[in-house]
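K.L.:
Sequences and hints are given; from them, build the entire structure.
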Amino acid sequence: MSSRKNITPPRLADWFFNWYCQNELGESIQGDLHERYELYLESHSRLKSNLLYWMDVIRFINRFTLRKKSTRKTFTPTIMLKNYTLVALRNIKRNLAFTTINVVGLAISMAICLLIIATIDDQTSYDEFNAERDNIYRLKHKRLNDVNLWLATTPLPLVDKLTNEYTGLEEVVPLRRGFSGEIIDNGKAITLSGYYTNPEAIALFGLELEQGDKSTALVEPNTVVLRNDIAEKFFRDKDPIGQELVVGDLGPFKVTGVLKEIPGKTHVSFEALASYSTVASFEKQGKLSESLNDWDKLSSAWIYFKFGSGTSPENLQDELDRWADENYDEDSEYDVIFGMQKMTNITPGPLMGNQIGQSMPNFFIYGLVVLAILIMTCAAFNYANLTTARALTRFKEVGVRKVMGSTKSQVVIQFVIEAVLVSLFSLVIAIGLLTLLIPAFESLSMSSLLEWKLNPDTKVYVQFLIFSLLTGLFTGFFPSLYMSSVKPINALKGMNGPKMSKIGLRKSLIVTQLVISIVLIISATLVHRQIKFMITKDYGFAKADIVNIDLQGQDYDLLRPELEKLSFVQLVSGANNIPSIGRHDDIVVRQNVTDEEVKYNFFSVDENYIENLKLELIAGSNFTPGQTEEREIIINEEAVESFGYETAEDAIGGNLILEDSTNVNIVGVVKNYNFMILYMDIKPLLLRYNPEEFEWAQVKVSGANRIEELKQLENTWAGFDPNHDFEYKYFDEQIEEFYAVFYDIVYIVGLISILSIVIAGMGLLGIATYSIQTRLKEVGIRKILGADGRTLVFILGKSFFIMIIVSTLIGSLISFFGNKAWLELFAYRISFGFDIIGIAFLFILVVGGLTIGTQTWKAMRTNPAEILRNE
Amino acid sequence: MRFNLGEFEEIVLLVVAAQNDEAYGLSVTTAIEKELKRPVTMSSVHTALYRLEEKELVKSEVGGTTKSRGGRRKRIFMITSAGKQALLDAKNARSHLWSMIPKVVFENQ
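Listed in order, the protein sequences are those of chains P and H. So for the first sequence, this note's numbering puts the first residue at 1; every next one is plus one. So for the second sequence, this note's numbering puts the first residue at 1001; every next one is plus one.
Be careful, since some hints might not be right.
[Unchecked claim] Some, not all, of what chain P presents toward chain H, calculated at C-beta under 7 angstroms:
id: 1; residue: His34
id: 2; residue: Glu35
id: 3; residue: Tyr40
id: 4; residue: Phe60
id: 5; residue: Glu629
id: 6; residue: Arg631
id: 7; residue: Glu632
[What the hints assert, rightly or not] Each pair of labels, with its calculated beta carbon distance range:
id: 8; chain 1: H; residue 1: Gly1070; chain 2: P; residue 2: Leu492; range: 23 to 29 angstroms
id: 9; chain 1: P; residue 1: Gly853; chain 2: H; residue 2: Arg1073; range: 34 to 40 angstroms
id: 10; chain 1: P; residue 1: Leu868; chain 2: H; residue 2: Gly1070; range: 21 to 27 angstroms
id: 11; chain 1: H; residue 1: Met1078; chain 2: P; residue 2: Leu492; range: 56 to 62 angstroms
id: 12; chain 1: P; residue 1: His44; chain 2: H; residue 2: Met1078; range: 29 to 35 angstroms
[To be verified] Straight-line alpha carbon distances no greater than 30 angstroms define the calculated DSSO-like cross-link-like pairs of lysine-lysine that follow:
id: 13; chain 1: P; residue 1: Lys265; chain 2: P; residue 2: Lys48
id: 14; chain 1: P; residue 1: Lys48; chain 2: H; residue 2: Lys1059
id: 15; chain 1: P; residue 1: Lys487; chain 2: H; residue 2: Lys1067
id: 16; chain 1: H; residue 1: Lys1055; chain 2: P; residue 2: Lys68
id: 17; chain 1: H; residue 1: Lys1034; chain 2: P; residue 2: Lys68
id: 18; chain 1: H; residue 1: Lys1103; chain 2: H; residue 2: Lys1059
id: 19; chain 1: P; residue 1: Lys487; chain 2: P; residue 2: Lys402
id: 20; chain 1: P; residue 1: Lys820; chain 2: P; residue 2: Lys532
id: 21; chain 1: P; residue 1: Lys532; chain 2: P; residue 2: Lys507
id: 22; chain 1: H; residue 1: Lys1091; chain 2: H; residue 2: Lys1067
id: 23; chain 1: P; residue 1: Lys260; chain 2: P; residue 2: Lys342
id: 24; chain 1: P; residue 1: Lys93; chain 2: P; residue 2: Lys487
id: 25; chain 1: P; residue 1: Lys142; chain 2: P; residue 2: Lys254
id: 26; chain 1: P; residue 1: Lys233; chain 2: P; residue 2: Lys254
id: 27; chain 1: P; residue 1: Lys68; chain 2: H; residue 2: Lys1059
id: 28; chain 1: P; residue 1: Lys48; chain 2: H; residue 2: Lys1055
id: 29; chain 1: P; residue 1: Lys543; chain 2: P; residue 2: Lys565
id: 30; chain 1: P; residue 1: Lys543; chain 2: P; residue 2: Lys487
id: 31; chain 1: P; residue 1: Lys142; chain 2: P; residue 2: Lys342
id: 32; chain 1: P; residue 1: Lys265; chain 2: P; residue 2: Lys214
id: 33; chain 1: P; residue 1: Lys48; chain 2: H; residue 2: Lys1084
By construction, these hints were calculated from the structure, which means they are not laboratory data. For each residue, glycine too, the CB sits at the ideal point set by N, CA and C.
P.N.:
Below, the structure written as structure tokens:
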């Protein structure tokens, strides 16, 4: 009997039973099983008994044993919510500094994400006011023997095909280009632009008329419908209907309608719509080029249509293919296929050519979403890191909760609620930041291109709220799992919580964050320096105190004497283009009739140009003033070389043939100057004496009193041309403006680098807190044994210092090669100096030093007796 | 409320009543095996007991710790008044049916 007592049932079977049965029945059943096993042993062999035992265990798998451990039914999960919120708020209050860091870190990342959400909302809101937008399509075409890109325009003969050879379309609307011109209103010239289209357009684009009849407004030739703000501009209080507008060379148009204000964003922007019937007569008169019956005019119009019920796009596609086959030959220049595109898929939509307005490609939207996810993941990771790092102080609380009967899921809920609260606080700050960010972003020249109007409405704020709740759930999830896995007995004994595993993984994540920060800091500094360099670089010509006046079609020769009358005007010169902002014309040039034609860049100038821009004549002389026929030319040093002359002097007297007709003599050579955009090298250049082509008057002023001078210049202009406003720019500002788009890049990269530094700093802080907390006892013992502050700082900070160094090395290498790629596009560029790496390193060192330093200092200041008392 | 007692459930309930406050899974199993000479698996007895508990014909209590069974406590099953009523009903139904059988049927036995 006693020997049998020592025989225990097979352990594996017991383990298996305990695995599947985890409710309160388990204990008594297992007791019964063991008792029964002993009974088996009395009459069976041990092997047989084991087998029977196994059979019993397996037979016990049923709904009673598999049932989950029951919780008390009377308990409602919401009953503790108040307590959790209270404890969370107390905790937030008690660790105010820590919470602030957490909230601010999260808020910065969140602000960027909110900006992205607002942008996506804004960019996807095109044509939302159009109730029929899901049935509206636009035709597109692609040339098979050309670049592989769909183009949004289609030839106009398709309009006839769609209306007469295909049934089932409710409206077919062409928008033909070419309706624009200047209208002289009260002596001021105002440009009006729009499209030729048929009356159905108004309904198709979801527009409505404020005045006029929808069905007849655009029927008659030479009639026009105006946008309401435009109508107000021209007619003010007068009734616009029936009035006449003379649109540039196109002639008079009768106003037959005024549109109501467009209720939202639309991808088609226009100021006026002219009647489609006008097109036929204008094409006959030669005011517009032939397009109505020309299948080869692929880019003169856009065609929209609306499907009625019962027609499918597939059906129409077959027809489109047939029409393309009929009208285009595979071997000809135009081998075209047609397709169609839903209105909702235009912007954001696939990248296409010939768009009717600005369109954001959809990959941009995807990119933004990925960016938002990346930023939030980083921030969430850091939050988790910081929370778990501080967990040591809260294990006791969790322990007590568990002893008092809290389940694991309740602890999880508690910590998730805390994270959600932090995330909601962050949302408030993030919205505050956003209101600062939006104007800054809208002022970027990039955003005006995309019609970026970020005015978040209720819908967007609801999205913000959902986003922050999700962020809270996401960020709180991992720390809560960690906190809830603590065993109450360990927590109450004062032992550490569950071992934090994968410290290596944490370290490598932080190194990654640091590397990203360093790459961004270095890149931002480089971009900034490069732009500074380009703007302040010596262009080889003078640009201070020169006012560039846009001639707007006026005669330079008449304006010049007027300007010269002003006392402060020192010199006036004319030119067809402004140098160094990326515009220059070219012309074919030959030295002898038999030579190959070569293209050269040229500027049309006059005899004052060289003096005005302080160009240096290194050989020959200036133009002879007052020539009526173009016979002289001045070239730059590069051109001397490219024409094959040994020295500048040799070139003087040389003969050039411009465009087969004009024979000119080289009279002078100027020193090279940067007439092209600065990232290109200086190319050969011709300065032609050609006042007829002037578009700019460049006026050198004294600069003593800019405001007074501008006023007088404006008065002179107004007396000279009352129809056009005085359009001017200071030369140096004009050049700076041209490079402003680069400042956008600096701005964005700078912002992202600040963000990345914050995120990386948070990461560092988290890991520093954790590793120092776990080493507190070590610090205590070291202090007792006589370690001084310096040694302790060295011991505690060593691994972080190594992390920073490693990150700097990797980051510098990546940014060196990454930035080299774009820097090499610039002919004039700054060098990648070690000082830049030094700056980035210092920056990270300061951020790292601050975060780690404070933690180390705290550890050092702690009285060793307090830490070691419990031992 | 009235529940239909299954045949096996009735037997288990009878044994629980018979063992009066000392019935637990194994004891009911061995009692059925010994008294009725009927092979029965312990898990089916347990299942029957839990089902009876769901029907509130028995109630269970966890007993004190015992030295045997590795210190595991027994779950003691007790018949409730509803259980007693159910047994009485079943018995009465049977005897009523018995009384309806004419004597002739058993005459030749």
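K.L.:
Please go over all the hints and tell whether each is borne out by the structure.
P.N.:
Cross-check of the supplied hints:
| no. | hint | verdict |
| --- | --- | --- |
| 1 | His34 | 5 angstroms, holds |
| 2 | Glu35 | 5 angstroms, holds |
| 3 | Tyr40 | 11 angstroms, violated |
| 4 | Phe60 | 5 angstroms, holds |
| 5 | Glu629 | 115 angstroms, violated |
| 6 | Arg631 | 115 angstroms, violated |
| 7 | Glu632 | 113 angstroms, violated |
| 8 | Gly1070(H) to Leu492(P): 23 to 29 angstroms | 28 angstroms, holds |
| 9 | Gly853(P) to Arg1073(H): 34 to 40 angstroms | 58 angstroms, violated |
| 10 | Leu868(P) to Gly1070(H): 21 to 27 angstroms | 42 angstroms, violated |
| 11 | Met1078(H) to Leu492(P): 56 to 62 angstroms | 38 angstroms, violated |
| 12 | His44(P) to Met1078(H): 29 to 35 angstroms | 32 angstroms, holds |
| 13 | Lys265(P) to Lys48(P) | 83 angstroms, violated |
| 14 | Lys48(P) to Lys1059(H) | 35 angstroms, violated |
| 15 | Lys487(P) to Lys1067(H) | 28 angstroms, holds |
| 16 | Lys1055(H) to Lys68(P) | 20 angstroms, holds |
| 17 | Lys1034(H) to Lys68(P) | 34 angstroms, violated |
| 18 | Lys1103(H) to Lys1059(H) | 41 angstroms, violated |
| 19 | Lys487(P) to Lys402(P) | 8 angstroms, holds |
| 20 | Lys820(P) to Lys532(P) | 18 angstroms, holds |
| 21 | Lys532(P) to Lys507(P) | 37 angstroms, violated |
| 22 | Lys1091(H) to Lys1067(H) | 39 angstroms, violated |
| 23 | Lys260(P) to Lys342(P) | 25 angstroms, holds |
| 24 | Lys93(P) to Lys487(P) | 27 angstroms, holds |
| 25 | Lys142(P) to Lys254(P) | 37 angstroms, violated |
| 26 | Lys233(P) to Lys254(P) | 16 angstroms, holds |
| 27 | Lys68(P) to Lys1059(H) | 20 angstroms, holds |
| 28 | Lys48(P) to Lys1055(H) | 37 angstroms, violated |
| 29 | Lys543(P) to Lys565(P) | 22 angstroms, holds |
| 30 | Lys543(P) to Lys487(P) | 76 angstroms, violated |
| 31 | Lys142(P) to Lys342(P) | 16 angstroms, holds |
| 32 | Lys265(P) to Lys214(P) | 21 angstroms, holds |
| 33 | Lys48(P) to Lys1084(H) | 39 angstroms, violated |
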